[in-house]
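Those sequence lines, one after another, are chains A and B.
Each residue of the first sequence is one higher than the one before, starting from 1 at the first, in my numbering.
Each residue of the second sequence is one higher than the one before, starting from 183 at the first, in my numbering.
Just so you know, these hints were derived from the structure itself, not from any lab.
Mixed in with the good hints, there may be bad ones.
On the chain B side, residues computed to face chain A include the following (Cβ under 8 Å) [as the list claims (entries may be wrong)]:
no.: 1; residue: R188
no.: 2; residue: P222
no.: 3; residue: G224
no.: 4; residue: L362
no.: 5; residue: G364
no.: 6; residue: R365
no.: 7; residue: H367
no.: 8; residue: Q371
no.: 9; residue: T384
no.: 10; residue: D400
no.: 11; residue: R409
no.: 12; residue: A411
no.: 13; residue: V417
Restricting the straight-line Cα-Cα distance to at most 27 Å, the calculated cross-link-like pairs of lysine-lysine (DSSO-like) are [said to hold, decoys possible]:
no.: 14; chain 1: A; residue 1: K164; chain 2: B; residue 2: K381
no.: 15; chain 1: A; residue 1: K9; chain 2: A; residue 2: K103
no.: 16; chain 1: A; residue 1: K164; chain 2: B; residue 2: K254
no.: 17; chain 1: A; residue 1: K103; chain 2: B; residue 2: K381
Some chain A residues near chain B, calculated using beta-carbon distances under 7 Å [as the list claims (entries may be wrong)]:
no.: 18; residue: M33
no.: 19; residue: G35
no.: 20; residue: L71
no.: 21; residue: A120
no.: 22; residue: Q128
no.: 23; residue: N134
no.: 24; residue: D143
no.: 25; residue: I146
no.: 26; residue: A149
no.: 27; residue: R150
no.: 28; residue: G154
no.: 29; residue: W165
A quick note: this is a predicted structure, and the numbers were derived from the prediction, not measured.
Even glycine gets a Cβ: it sits at the ideal position worked out from N, Cα and C.
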Amino acid sequence: MYESALSLKYGVMGLLAEESLHGYEVKNRFEAMLGGTWEVNIGQIYTTLQRLERDGLVRPAGPRGDRGKLLYELSPEGQKALKQWLAQPDSGPQQLHEDIYVKLLLATRIANGDLDGILARQKRTYLQRLRDLNRLEERARRDGRIDLARLVRGALLHTEADLKWIDELSSERFGAEGARTE
Amino acid sequence: MSELVRLTDVTKLYQGGITGALNGISISVEKGEFAAIMGPSGSGKSTMLNLVAGLDRPSSGTVTVGGTELGKLGEAGLARFRRDHIGFVFQFFYLLPNLTALENVLIPAQLKGNVVPGRARELLERLGIKEVADRYPARLSGQQQRVAIARALINNPTLLLADEPTGALDTHSGEQVMELLGRLHRDGQTILLVTHDAKLATRHAARVISVMDGKVVDDARLESPDRTASEVIRVRGEEGSR
């Protein structure tokens, strides 16, 4: 999980760029920013902070306070590294994590793969997901959680594209059946 | 809920091609429902809407709306049915350019011999555009479709039909129009919507009817539970992150 460790690392740095924070504040703000779509445990946050401190990217912003809590701030090196990371576009191969991509390719090859059934069920799932995302976005906007609303918008557009792919495969399928019967 | 629309084994053939043809469709819509009809261009979804509106007649099969079998009505009867029971919203608004917004809204009421400027103004206000009442369509920019919706509602239709109502609008106006349809539905209006936009459709309609090559290939009734963000989306969800 190199990639996610990386965005957690820069996520922590980005929050510290706003203001100095304790470890548990970093955790709370990180989770709030992502609206609960990525839960991290406090151990991960402390490990990340320790590594960042070791690499000179963050540093303690004062002596240990109550119950040994340490306030962290971003170092000038950290600011530079964060700026570089933000400026760099996300590149590399497109990530397709979900099983459906492999499932559909296999179903088109295997006899009795029940492609029509798979397509129909997947389509319903995507429609329901669109509805769930729409409701989540509405709630996020109503509650003033703009970060979450933006994230949900991205997910909505992704799901719309997935749905279009299913529709293309279905109409390919329909076209083929039409050709057979005519 | 009671049944408002029923199509039974409806076929529609067009000379010279199969675009928009229907091939044995049976479906019903309950009173108070907001259903979206989706499908690729030429799949027959607009044909379905036109048949329900009584704007067109099927080649075979029956269309029943509010207990009236449309095939049994003559042309005059069909025109009366449309005027009294159907509100239709088109993609390109079709407002008359030489009439003001208010006068456009009043056209169906005039046809009914029941001119109600008060109600027209009320509708414009309810749709958030009372200030445009005396403007001509050319000066309405993004609000033309809302005026067209007011026109569709002036005679209190049993059924509101909308054919790609957001298709000619920018994203923002499109969202506003759909928001409006959603509100009308919450107030009890039965709505049948043809659209390409699954994002917008699923925001407001709890039923999605998929049409392909003149057939209904799916009829999905969507649920509306309040799901938490993490039940719907995971950003880089690492295993063992808890």
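* Would the hint on B/L362 stand, with a C-beta cut-off of 8 Å toward chain A? -> violated (15 Å)
* Asked: If you take the shortest Cβ to Cβ gap from A/L71 to chain B, is it below 7 Å?
  -> violated (25 Å)
* **Interface hint compliance - A/N134 to chain B, C-beta minimum distance less than 7 Å** => holds (4 Å)
* Asked: Would the stated hint for A/G35 survive a check requiring a Cβ distance to chain B of less than 7 Å?
  -> With a minimum Cβ separation of about 5 Å from chain B (threshold 7 Å), the hint on A/G35 holds.
* Quick one, is the A/W165 hint okay against chain B at 7 Å, beta carbons? -> Hint violated; A/W165 Cβ to chain B Cβ min 12 Å, cut 7 Å.
* **B/G364 as an interface hint toward chain A, with CB separation required under 8 Å** => Hint violated; B/G364 Cβ to chain A Cβ min 10 Å, cut 8 Å.
* Tell me if A/A120 is really an interface residue toward chain B, meaning its C-beta lies closer than 7 Å to one of theirs. => holds (6 Å)
* Regarding the pair A/K164 and B/K381, is the alpha-carbon distance no greater than 27 Å? -> Given pair A/K164, B/K381 holds - Cα atoms ~11 Å apart, limit 27 Å.
* Asked: Does the interface hint hold: is B/P222 within less than 8 Å of chain A, judged Cβ to Cβ?
  -> holds (6 Å)
* To do: May I ask you to test the interface hint for B/G224 with respect to chain A, counting a Cβ-Cβ separation under 8 Å as satisfied?
  => Violated, because the Cβ-Cβ distance from B/G224 to chain A comes to roughly 11 Å (cut-off 8 Å).
* **Interface hint status, B/D400 versus chain A (Cβ within 8 Å)** => holds (6 Å)
* May I ask you to test the interface hint for B/H367 with respect to chain A, counting a Cβ-Cβ separation under 8 Å as satisfied? => Check failed: Cβ of B/H367 comes no nearer than 14 Å to chain A, outside 8 Å.
Checked against the numbered hints above, the structure violates hints 1, 3, 4, 5, 6, 7, 8, 15, 16, 18, 20, 24, 25, 26, 27, 28 and 29; every other hint is satisfied.
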